[in-house]
Amino acid sequence: MILKGRAFKFGDDISTDHIAPGRYFHLRTNLPELAKHVLEDADPEFAKKVKKGDIIVAGRNFGLGSSREHAPRIIKIAGVSCILAKSFARIFFRNAVNIGLPLLECDTDPIDDGDILEIDLEKGLVKDLTKGIEIQATPLPKFMLNIINDGGIEDHILKYGDFKLED
Amino acid sequence: MGKTIAEKILSEHAGKDVKSGDLIIARVDVAMVQDGTGPLAVEAFNRMKLKALANPERSILFIDHAAPSPRKELSNAHKILREFADKHGAVLSEVGEGICHQRLIEDFVKPGDVVVGADSHTCTSGALGAFATGMGSTDVAIAFGLGKVWMKVPETHRFVLKGKMPSGVFSKDLILYIIGMIGADGATYKAMEFEGEVIENMTMEARFTLTNMAVEAGAKTGLIATDETTRAYLRERNRESDFREIKPDPDAIYEKTYEIDVSGIEPRVSFPHTVDNTKPISEAKGVKIDQVYIGTCTNGRIEDLRIAAEILRGKKVAKGVRLIVIPASRNVYLKALKEGLLEVFVEAGGAVLSPGCGPCVGIHQGVLADGEKVLSTQNRNFKGRMGNPNAYIYLASPATAAATAIKGEIADPREYL
Ligand code: SF4
Numbered sequence: 779m780i781l782k783g784r785a786f787k788f789g790d791d792i793s794t795d796h797i798a799p800g801r802y803f804h805l806r807t808n809l810p811e812l813a814k815h816v817l818e819d820a821d822p823e824f825a826k827k828v829k830k831g832d833i834i835v836a837g838r839n840f841g842l843g844s845s846r847e848h849a850p851r852i853i854k855i856a857g858v859s860c861i862l863a864k865s866f867a868r869i870f871f872r873n874a875v876n877i878g879l880p881l882l883e884c885d886t887d888p889i890d891d892g893d894i895l896e897i898d899l900e901k902g903l904v905k906d907l908t909k910g911i912e913i914q915a916t917p918l919p920k921f922m923l924n925i926i927n928d929g930g931i932e933d934h935i936l937k938y939g940d941f942k943l944e945d
Numbered sequence: 034m035g036k037t038i039a040e041k042i043l044s045e046h047a048g049k050d051v052k053s054g055d056l057i058i059a060r061v062d063v064a065m066v067q068d069g070t071g072p073l074a075v076e077a078f079n080r081m082k083l084k085a086l087a088n089p090e091r092s093i094l095f096i097d098h099a100a101p102s103p104r105k106e107l108s109n110a111h112k113i114l115r116e117f118a119d120k121h122g123a124v125l126s127e128v129g130e131g132i133c134h135q136r137l138i139e140d141f142v143k144p145g146d147v148v149v150g151a152d153s154h155t156c157t158s159g160a161l162g163a164f165a166t167g168m169g170s171t172d173v174a175i176a177f178g179l180g181k182v183w184m185k186v187p188e189t190h191r192f193v194l195k196g197k198m199p200s201g202v203f204s205k206d207l208i209l210y211i212i213g214m215i216g217a218d219g220a221t222y223k224a225m226e227f228e229g230e231v232i233e234n235m236t237m238e239a240r241f242t243l244t245n246m247a248v249e250a251g252a253k254t255g256l257i258a259t260d261e262t263t264r265a266y267l268r269e270r271n272r273e274s275d276f277r278e279i280k281p282d283p284d285a286i287y288e289k290t291y292e293i294d295v296s297g298i299e300p301r302v303s304f305p306h307t308v309d310n311t312k313p314i315s316e317a318k319g320v321k322i323d324q325v326y327i328g329t330c331t332n333g334r335i336e337d338l339r340i341a342a343e344i345l346r347g348k349k350v351a352k353g354v355r356l357i358v359i360p361a362s363r364n365v366y367l368k369a370l371k372e373g374l375l376e377v378f379v380e381a382g383g384a385v386l387s388p389g390c391g392p393c394v395g396i397h398q399g400v401l402a403d404g405e406k407v408l409s410t411q412n413r414n415f416k417g418r419m420g421n422p423n424a425y426i427y428l429a430s431p432a433t434a435a436a437t438a439i440k441g442e443i444a445d446p447r448e449y450l
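In order, the protein sequences belong to chains A and B. Plus 778 on top of the position in the first sequence (first one is 1) and you've got this note's numbering. Plus 33 on top of the position in the second sequence (first one is 1) and you've got this note's numbering.
Incorrect hints may have been included.
Said to hold, decoys possible - Reference excerpt, derived from the structure (chain A facing chain B, CB under 10 Å, subset only):
#, residue
1, 793
2, 795
3, 801
4, 869
5, 884
6, 916
7, 919
8, 935
9, 944
To be verified - Here are the simulated distance ranges between beta carbons:
#, chain 1, residue 1, chain 2, residue 2, range
10, B, 112, A, 826, 32 to 38 Å
11, A, 823, B, 373, 42 to 48 Å
12, A, 927, B, 296, 40 to 46 Å
13, B, 79, A, 916, 32 to 38 Å
14, B, 289, A, 919, 29 to 35 Å
Keep in mind the hints are simulated off the structure, nothing from the lab. Beta carbons: idealized from backbone N, C-alpha and C, even for Gly.
All chains should be built: construct the whole structure from the sequences, respecting the hints.
Set out below in structure tokens:
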């Protein structure tokens, strides 16, 4: 899978409360509405600015906090094609894979806001086309790639009726 | 080769010998959602065309985060959970029964279980020697329907706790200290195993506060071996027969071992907006506070209420401070009622609310105004957590919370004990 988009930069420790604030708890059964507030507490303008295919580029421990799957789901609904971060919080990472939202861990310091990126998911290779540089990310384990390629764990289970996840 | 607690429990549930790093499909004993994550799980369950529950009497839907419901959207979300439970024969925990994690440890989780919950603090149950971890709604929907989940067996970081806990210092202070030391991502993807003389001398109630906050260091779960204290806790809940010995092998392999002498630890306070931004009370004293909240799955147990009541007995909450107290479950509420603790809080000027998450997640009951500061016994203080991104959340023990309520500014509980 090759993904291409514009970088949106965020810092360290972006929590699920930044992504899907608790005050919109009542919108959790209405994800398209909730998506209008995606990342609101990190960048109030993000939901308005983000375009289909854009890539979130963050620092350490992206997605820390609650288990709310709404967080990666509304990022995906907003049109984001991939998230790059120095590291991810565990539940967020797992949820993103499960819902078929690609994400990779790499050094994100060289990437600036607005850079155009091209990502080879299988190889875990990030190209910053604006800067003309390549960054090697940690490739995803094969079973996670399979889940993402199936369109998420839901489609995976629909397809097989069970887990088919050999490493 | 020796196994950690995580490797032991997961080997049993994978039906083969597993070690850290392995990808496994694990059998699930207890699966749960709450009212924030449940509707999405119900949707996923239906979309995956799952038909029945693998384990209905241990599939639980909790109405606790917005209970009683403050608005119609949430009432409708609650209805989705009630209807699902009804249709599939799952357990429904209603308004007033309490916070999911508290109810799980009281009535559902057994040592040696694998527990998955669509709530990050599912790791709380790890103090019972269960492998308990937070996952997403879809994971739990699959666990409901197929009775299993995919998982990577985590490496374990061992925390050997030595020395004697000083007076006025509680397990909350200890875990804030540990998270401050290793950082909010210090144990990401790992299991944290707590052991040593401090744990041996610690009550179950205090142990749950440690494992509850494992996720605040990024961990997949927190684990404590079972012992006579575990057995006594289960006996008190009329389920001694659930007891099992769960402990690591002496030659288990740990990725890291921390040895911590607790004797010099002071009461701790986490400053806004991250849990690992923790300071000793001496550097926190004097911060003016608008609201104090005693409760949550971290510190809303009977022991916590006893400690707070002891400090508040016969005293008044400072002018300008709101004190909110919420017992974590109906069981805790009834005990506190019978012991006269609720009377102490009300007479001191506090507001005692019915069991649930209360102000912790910013939906209702105690949302802060712009610029206000709250000192809470909860487990996280992220920006916006309690409903207002322009408010400031400080985390501390119930003792520190009670002392702060009396003084109106962050206070050292040791001056009141
Ligand atoms: S009390 Fe707070 S942390 Fe605990 S389950 Fe409820 S909302 Fe989550």
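Each hint, compared with the structure:
no.	hint	in the structure
1	793	holds (4 Å)
2	795	holds (4 Å)
3	801	holds (5 Å)
4	869	holds (5 Å)
5	884	violated (16 Å)
6	916	violated (12 Å)
7	919	holds (7 Å)
8	935	holds (5 Å)
9	944	holds (8 Å)
10	B:112 / A:826: 32 to 38 Å	holds (33 Å)
11	A:823 / B:373: 42 to 48 Å	violated (53 Å)
12	A:927 / B:296: 40 to 46 Å	violated (54 Å)
13	B:79 / A:916: 32 to 38 Å	holds (35 Å)
14	B:289 / A:919: 29 to 35 Å	violated (22 Å)
Violated hints, in rising order: 5, 6, 11, 12, 14; the structure is consistent with all others.
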